[in-house]
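Student: What follows is each chain in one-letter form.
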Amino acid sequence: MSTETIARYNFAYLDEQTKRMIRRAILKGIAIPGYQVPFASREMPMPYGWGTGGVQVTASVIGPGDVLKVIDQGADDTTNAVSIRAFFQKVAEIAVTTHTGEATIIQTRHRIPEKPLQEGQILVYQVPIPEPLRFLEPRETETRKMHALEEYGLMHVKLYEDIAKHGHIATTYAYPVKVEGRYVMDPSPTPKFDNPKMHMSPALQLFGAGREKRIYAIPPYTRVESLDFEDHPFEIQKFDQPCALCGGTDVYLDEVILDDRGGRMFVCSDTDHCEERREAGHTGHMSEEAAQ
Amino acid sequence: MYVAVKGGEAAIRNAHRLLADRRRGDRMVPAISLEQIVGQLALAVDRVMTEGSLYDRELAALAIKQARGDMIEAIFLLRAYRTTLPRFGYSQPINTGGMLVERRVSATYKDLPGGQLLGPTFDYTHRLLDPSLATDDEPEAPESRPQEDETMLRVSEILAHEGLIEGDGAMPEDHEIGDITREPLEFPMERDTRLQALSRGDEGFLLALGYSTQRGYARNHPFAGEIRIGEVEIEIDVPELDFPVSLGRIRVTECQMVNQFKGSAKAPPQFTRGYGLVFGQSERKAMAMALCDRALRARELGEDIIAPAQDEEFVISHSDNVQATGFVEHLKLPHYVDFQAELDLVRRMRREFEKRQTGDDERKEAAE
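Residue numbers (the working numbering), protein chains in the order written: chain A, 1 to 292; chain B, 1 to 368.
I should point out that these hints are in silico values taken from the structure, not numbers from a laboratory. A portion of the hints provided could be inaccurate.
Label-pair ranges, simulated between beta-carbon atoms [stated by the list, open to error]:
| no. | chain 1 | residue 1 | chain 2 | residue 2 | range |
| --- | --- | --- | --- | --- | --- |
| 1 | A | 145 | B | 86 | 45 to 53 Å |
| 2 | B | 308 | A | 171 | 27 to 35 Å |
| 3 | A | 65 | B | 182 | 24 to 32 Å |
| 4 | A | 64 | B | 19 | 28 to 36 Å |
| 5 | A | 145 | B | 69 | 38 to 46 Å |
| 6 | A | 145 | B | 267 | 23 to 31 Å |
| 7 | B | 28 | A | 95 | 42 to 50 Å |
Some chain A residues flagged as far from chain B (calculated, every beta-carbon gap over 12 Å) [to be verified]:
| no. | residue |
| --- | --- |
| 8 | 66 |
| 9 | 147 |
| 10 | 178 |
Glycine included, C-beta positions come from ideal geometry on N, C-alpha and C.
Isolated chain A, as found in the complex:
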């Protein structure tokens, strides 16, 4: 694209009127934590379902002084993360980073960084289906009523049926949470491993669903509780082994297939976290240092 063509777009692509509309939706979302605010989502130059909600939220809150990090599956170098990062470099000419600690805005798909977020940081989630009740009740007219009346019995019945059938809750990602004791919210398809990171986070958490035209938010220091039962408390995934590269435990791991004979290794899904640990001298059983 020639520079003349770029010049025809506003800073961060969206026109200022649209940004104001989105900011109003964000402010409403912050005022009512966990509530899904309808907004007039725009067509973006990337497909619906590929992060258009997150991109619109980021475009509306980003300023020239911001430092942006974009991750998909925890990694900065997955193709869609690369594409979204390049988009903002092109239309907003902002600084980008892969380091969680340096970023002022982090747009993510499917993960929350391992490194605890700080005050002043904004985590923007890409959300495919914002409605946690959607798979129990497909109608928007019904689910909005259920939220309004705080009628979440159906969700508890579903979780209970899991326990009755399987002995435990068979939801591993997009695990529903209750925000500040009121709204049941979909945390986006992050693994339930990440749910506890949302609780009382010092960072602002914003959720954008472009195709479904919804924005919701968790302000800093908000209670976020994963739904559970007294006798079946919420549990996160545990891995049997540490990261093969950095030796990290208490992190979420990707399973990497090494050959066609069942050989596999487990490595950090958060690539930046893994790299920082290795730079600090940590090693795993398959890292280069260990091989020497």
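Fit chain B to the given chain A structure using the hints.
Tutor: Just chain B now, with coordinates in the frame of chain A:
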């Protein structure tokens, strides 16, 4: 030794370079021009303008060329461009009664003022491949006739004289016409926004739903009251002037379906209407839209909602092909984090299952 996958940026760059090459095709063959697409693939251009919600033949042709002929991709390109355009205002409603008509057919009257005009239609062509099109043979020049002085009365106006058909439909006094590109959809919808959504809805989806109503899923006895294709004037109000200013003409296809209606507690027996309006020439889309519009009026007319085509939330939520293709195709994005979580769960559940099985076997043996 495992090396973390790097090089996403280079891979994307190379993929796009290859795409551009494949789009161009054989470089010994001249590239197709936008004029050729506008002139010779005109109905493809019309569909892209309709579902892309932007009336601009040249941009639609560019989108078709860039999309290598993939219609939904072209529609998507046009929509994404449309979003960035400034909004100057809203035009006056177009007056299809004053249309410069090129085609007009009615299935309800044998003859009517203005007559039946076939115009440029595929109807009654024998669908035999025409080998002469493989060469540059020029077709004959068309017959033409002088323009009629009188405007062609719409069939709905003819029926309205007898009071046998419902009116055009009025919105409440204080109702402002909605704009689905500026406000989020909310259900239940009013007919104004619903028609907007249907007009940009996927032709194939609406065709299938319209077809389903003919086969008994919410049958509503339609007659093609009138289909007209031609040019209408676009006028806009300018604050400084006390008359509307013409911006030019656009070509549209309008379909008025006339449907039997036995009456209900809310309305007397009369003919009701389904309405379709699209850019350019697309009868199939306009007719399918009209069938769907009528089916979706079930709630308003007090009919039982028993079929998919009558279910507003189902139809409108799934009619936009740009949204549909995005979400279906997003499944090819990486999902390893969630898949890992599911792998872990399935492995655990299998272990538990096997433990139960062996437990059962042992108990059985002990009992024997």
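Student: Would you mind marking each hint as holding or not holding in the structure?
Tutor: So, going through the hints one by one against the coordinates:
1. A C-beta distance of roughly 38 Å is found between residue 145 of chain A and residue 86 of chain B, which places it outside the suggested range of 45 to 53 Å.
2. In this structure the supplied range 27 to 35 Å holds for residue 308 of chain B paired with residue 171 of chain A, their Cβ-Cβ distance being about 29 Å.
3. A hinted range of 24 to 32 Å holds for the C-beta pair residue 65 of chain A and residue 182 of chain B, which are about 30 Å apart.
4. In this structure the hint that residue 64 of chain A and residue 19 of chain B lie 28 to 36 Å apart at CB holds, the actual value being about 32 Å.
5. A hinted range of 38 to 46 Å holds for the C-beta pair residue 145 of chain A and residue 69 of chain B, which are about 45 Å apart.
6. Take residue 145 of chain A and residue 267 of chain B: their Cβ atoms lie about 28 Å apart, and the range 23 to 31 Å holds.
7. Checking the proposed 42 to 50 Å range against residue 28 of chain B and residue 95 of chain A shows it holds: the Cβ atoms sit about 46 Å from each other.
8. No beta-carbon of chain B is positioned within 12 Å of the beta-carbon of residue 66 of chain A; the least distance is around 21 Å.
9. With a cut of 12 Å on Cβ distances, residue 147 of chain A stays outside the contact zone with chain B, its closest approach being about 14 Å.
10. With a least beta-carbon separation of about 21 Å from chain B, residue 178 of chain A lies farther than 12 Å from that chain, consistent with its non-interface assignment.
Of the hints listed earlier, the one the structure fails to meet is number 1.
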